[in-house]
Amino acid sequence: MSADTHDSAKAYRDYLMGFIFSVILTVIPFYFVMTGAISDTNTVIAIVVVMGAIQVLVHVYYFLHVTVSAEDGWQAMSLLFSAILLVIILAGSIWVISHLHENMMPAHEQIERVRNLP
Amino acid sequence: MAASIASPAPEGGYEFYVTEDPHAHDGHHDGDDHEHHHETGTMLGFWIYLMSDCLIFGILFAVYAVLGQSYAAGPAPIDLFELDKIAWATAWLLLSSITYGFAMIKMHEDKKNMMMFWLVVTGVFGLAFLYMSIEEFMHLWHIGAGPGESAFLSAFWTLVGTHGLHVTCGALWLVILLIQVQMHGLTHENKRRISCLSLFWHFLDLIWIGVFSYVYLIGVLL
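The listed protein sequences correspond, in order, to chains C and X.
First residue of the first sequence: 643, per the numbering used here; consecutive thereafter.
First residue of the second sequence: -4, per the numbering used here; consecutive thereafter.
Rather than coming from a laboratory, the hints here were simulated on the basis of the structure.
All values derive from a computational prediction rather than experimental measurement.
Do not take every clue at face value.
[Stated by the list, open to error] Derived lysine-lysine pairs resembling DSS-like cross-links, with alpha carbons at most 30 Å apart:
1. X/K106 x C/K652
2. X/K107 x X/K186
3. X/K101 x C/K652
4. C/K652 x X/K80
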């Protein structure tokens, strides 16, 4: 029973730590976006992205309890695999489509061309 | 039976509990209360499902990233999103995450009533989140920002709608589990189901981090 209460205390601490970290990491980006305390948009975007990324890690560790040893490492392995796939999907799509977008004719030029058709 | 549970299957891939004792809930010593959280193959299987779900959301995020600035002369994020409401929705979902954590702790301690209390609290926070989501969608629909208006709005409705649908399913699952626990007590099966829903629920909160960071906060900035 003493082991149980010890485990519970540790679990409570883990969840509370995760919660407190999450609150901090949520409040900071909302604060900067809603108040506009920093006028440089790129800096604010960087803050939002970094805080979001850290919060994802906090959730994975404190709430989902993913560790290298859980399930003989299969859980962490499948997570890593999914993360790699996600990076390929996201970075690939954004990269390819942005190039495609740049090569497209601007809308107003298209309209001009259509107007000047014989 | 206790011995077969305490030692995981050698291949780690199977789980058979056909000999479940229907009266197991009236004793606390049925051997499965010391099982490890990630012991069974079911948990790993459910985790892999979550990873595939993660890829679905990844694709929807990619679509939003590609189409998110094609407004077709319609409204842009800055015209539509009310960040204070999004902050509240985020708070409800985060609170529901930690109360589910408390329910998990109570489950491991075999305290059924306290566990059900925390699950109900989780459900209430989840419903608060859903209420805010639905209210936002109704508002967008009424001001003429439906999914058919522009590529941005199509991508937005699909991504946030899919997340909302997941939360709705999670809430339904929660209600069903509450009934199951009430009827059959904290049996091994119910514990396993509650552990699966725990992963699902925390996973949805994780996806929401991406949604509020990328769709709402960065959307308003751009």
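Open item on the list: Given the hinted pair X/K101 and C/K652, is their Cα-Cα distance within 30 Å?
Closed with: With a Cα-Cα distance of about 13 Å, the restraint between X/K101 and C/K652 holds, given a limit of 30 Å.
- [ ] Please work out if C/K652 and X/K80 have their alpha carbons no farther apart than 30 Å.
- [x] violated, 34 Å
Task: Proposed proximity, C/K652 with X/K106 (alpha carbon, max 30 Å) - done: OK: X/K106 and C/K652 at ~17 Å, within 30 Å.
TODO: Assess, step by step, whether the Cα of X/K107 is no farther than 30 Å from the Cα of X/K186, and give holds or violated.
DONE: holds, 11 Å
Hint check: a violation occurs at hint 4 only; the rest are consistent with the structure.
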